[in-house]
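2 protein chains.
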Amino acid sequence: MTNFEFLVPTKIIFGQDTENTVGSRVKEYYGGKILLHYGGSSAERSGLLARVRKSLDDAGVEYKELGGVMPNPRLTLVHEGVELCRKEGIGFILAVGGGSAIDSSKAIAMGVPYDGDVWDFYCGNAAPKTALPVATVLTIPAAGSESSPSTVITNELTGRKYGCTNELTRPVFSIMNPVLTYTLPAYQTACGAADIMAHIMERYFTNEQGVDFTDRLCEAGLKTIIVNVPKVLENPGDYASRANVMWAGAVAHNGLFGTGRTEDWASHGIEHELSAMYDIAHGAGLAIIFPAWMRYVMENNVMRVAQFANRVWDVSMNFENPAETALGGIKCLKNFFKSIGLPTSLSEAGIDDSAIAEMAQKCTGNDSFTVGGFAKLTANDVYEIYKLAL
Amino acid sequence: MTNFEFLVPTKIIFGQDTENTVGSRVKEYYGGKILLHYGGSSAERSGLLARVRKSLDDAGVEYKELGGVMPNPRLTLVHEGVELCRKEGIGFILAVGGGSAIDSSKAIAMGVPYDGDVWDFYCGNAAPKTALPVATVLTIPAAGSESSPSTVITNELTGRKYGCTNELTRPVFSIMNPVLTYTLPAYQTACGAADIMAHIMERYFTNEQGVDFTDRLCEAGLKTIIVNVPKVLENPGDYASRANVMWAGAVAHNGLFGTGRTEDWASHGIEHELSAMYDIAHGAGLAIIFPAWMRYVMENNVMRVAQFANRVWDVSMNFENPAETALGGIKCLKNFFKSIGLPTSLSEAGIDDSAIAEMAQKCTGNDSFTVGGFAKLTANDVYEIYKLAL
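So the protein sequences, as listed, match chains A and B.
Here the first sequence is numbered in my numbering, starting from 1 and rising by one per residue.
Here the second sequence is numbered in my numbering, starting from 1 and rising by one per residue.
Please note that a few of the clues may not be correct.
Said to hold, decoys possible - Derived CB-CB ranges, DEER-like: (1) 114/B <-> 32/A: 30 to 36 Å; (2) 338/A <-> 319/B: 28 to 34 Å; (3) 239/A <-> 230/B: 38 to 44 Å; (4) 230/A <-> 129/B: 58 to 64 Å; (5) 24/B <-> 361/A: 42 to 48 Å; (6) 47/A <-> 376/B: 37 to 43 Å.
Claimed, not checked - Examples of chain A residues toward chain B, derived with CB under 7 Å: (7) 4; (8) 7; (9) 11; (10) 14; (11) 15; (12) 220; (13) 244; (14) 247.
Unchecked claim - Where chain A lies over chain B, by a calculated footprint (3+ residues, C-beta under 8 Å): (15) 3-16; (16) 201-212; (17) 215-221.
Please keep in mind that the hints were generated in silico from the structure rather than gathered at the bench.
Here the structure is a predicted model, which is why all the values come from computation and not from measurement.
Even for Gly, the Cβ is constructed at its ideal location relative to N, Cα and C.
Could you build the full structure based on these sequences and the hints that come with them?
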């Protein structure tokens, strides 16, 4: 186990009707004008935004609104948000929505007090020294951004999608009401499930020895998704299953499951190129990439993939041939993604091989660079993984 | 799943040699004079206190010392600490040791700014409005006090042992170096294991439905202890196993495993009377009480005890007779405690039935009061549990 530091300063406020307390919650942290930042029509249609506005009004919180966040949130809207906050003297950002609204809010929060372009933080050309506080009312369990220090933004002018991880971006509080997820379309629920599972698997696949506790926590998280997501798809108003998925989604990406271990994150990088180029849902991209990645790297550490198969998917351990067990686990993962309605190949998503060489190059950045902690992948390896996923 | 709020503001600093950074860590939080509070000879003998003093000196942290904390920490030493802090103008407390040193530090931290007797907080006669910050260098994985909001103190004049839970007492940081636990006697390691398991089981045994995620997290924590503690007893210098036990011990009691569920805590109450009266180790008392409690209450919710047996202990599920499965799990728990050298009956601990009626009365406080969330136990029920444990 490696040395680590761990602190999640995000207060989780979980359960039914909790969004109606958002105004007084904000007041505990900030007394001035805030930005209410969100996607659009669904939060408006469901009445959520009306309830949030009422709670803010009742608590005497002054706010400006900026809607229009898209999936794979865009840099131009971030720039607009930064300008608006500066003009209005805004010092706190409340995101209402899923990972896109939250990631966009985090970008604005870092951009406001920064002299340069906030994109610098995503390119790694600068690190933020300060940021406005961000809070969230979560509507989609998926990205884990509600308690993570991460944000992913797409620069739509260059087609690049980059992440930035900084402790300054952890939300101060996140309100999570599972009822708000009842109206999610099945496909979006499934994409969220794949994203949550990917956050866990990126941590699970490590070569670090002696990390039994976090292995078992990861397995608990994966099993929770595997058991509860089909129930949610069967019955969208199943509170307990929605709640389990939502809470697991937040813990999956707050860092606990990765404590004391090196992590992988190659699949996320490989997928980011895909969704930046084709604008497919991140979760769908992960459902395509992860099984292919796992198949490609399994020789690297067959026993770890066999453990995944045996403990997460209850595949019987073949002690004479652990690779067979490992392959069985990968098959289960792929079948699970299929069963919840996700594509598991590029062709199912309407993507051919025309850009895979270019994406592989972009992913590693340079022929001599590698991605991934579990297996170090060159541009050529990434190319082979795209090919396996065709 | 019930609504909940969750926040752990304790920064965990985990790994080898981390205690040598304690001086600069303190400086991040407090610039004035601090109290260094600890038990005694073992931390002195091992050189840990010397390293802590050096780190404080190097960072220019001024400190006073108060040693002598005993297992089942005493109120008189807390009073002494409160006086010392007031006299010296101390505003921050650094605990070095296990749960006793930390719980005593938390009591002093609440007592310093309070006009009355800090014991009021433990009797429930008052609630603290403020407290000094506490930080810890942990040497024993057991109590979980390093990241919990709880403290337990014994009033040795009245023989009462009470707990106080308040968010003000969560440590600001905890330094956890598994190497510091290498020199723990086997019996103390085993007592710590029982305490950690008890913290998880007090949360696991709930009648709340639809808490799949936290069930699985609890199971992950229990399995971690069951797998790693025997390795640690076999090889006291096994870093990975020590590290897994230590990290699991902190997470077991920080509140995560209890989110969204009612908890039980009867066994802790029943044990507290035991260790207040006989001054046996808390973990040993729990190893005696928990299996008896479980046997007594299992009819209440046989399927939950069967789930415990099946998922934690791999007892085959008897679908025709779940009670048999449940009993198999209780037997496994008892055998595990025995195998790590703990007593599992009062007689093994040299305790007869002479005081069990008195302890049962004290435990519930009054004939019409009950203890426990999973099963509501009267004084008579508690008496029967002590009898089962004889």
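Hint check results:
1. 114/B <-> 32/A: 30 to 36 Å: holds, 34 Å
2. 338/A <-> 319/B: 28 to 34 Å: holds, 30 Å
3. 239/A <-> 230/B: 38 to 44 Å: Holds - the Cβ-Cβ distance for residue 239/A and residue 230/B, about 40 Å, lies within 38 to 44 Å.
4. 230/A <-> 129/B: 58 to 64 Å: The hint (58 to 64 Å, Cβ to Cβ) is violated, given that residue 230/A and residue 129/B are roughly 49 Å apart.
5. 24/B <-> 361/A: 42 to 48 Å: For residue 24/B and residue 361/A the Cβ distance comes to about 44 Å; the hint holds.
6. 47/A <-> 376/B: 37 to 43 Å: holds, 40 Å
7. 4: Interface hint status for residue 4/A: holds (5 Å vs cutoff 7 Å).
8. 7: With a closest approach of 4 Å, the residue 7/A hint holds.
9. 11: holds, 4 Å
10. 14: Holds, because the Cβ-Cβ distance from residue 14/A to chain B comes to roughly 5 Å (cut-off 7 Å).
11. 15: holds, 3 Å
12. 220: With a minimum Cβ separation of about 4 Å from chain B (threshold 7 Å), the hint on residue 220/A holds.
13. 244: Holds. Min distance 5 Å.
14. 247: holds, 5 Å
15. 3-16: Three-residue rule met by the region 3-16 of chain B, so holds; n is 14.
16. 201-212: holds (count 4)
17. 215-221: n = 5 at 8 Å, threshold three: holds.
This entry does not satisfy hint 4, going by the numbered hints stated previously; all others are met.
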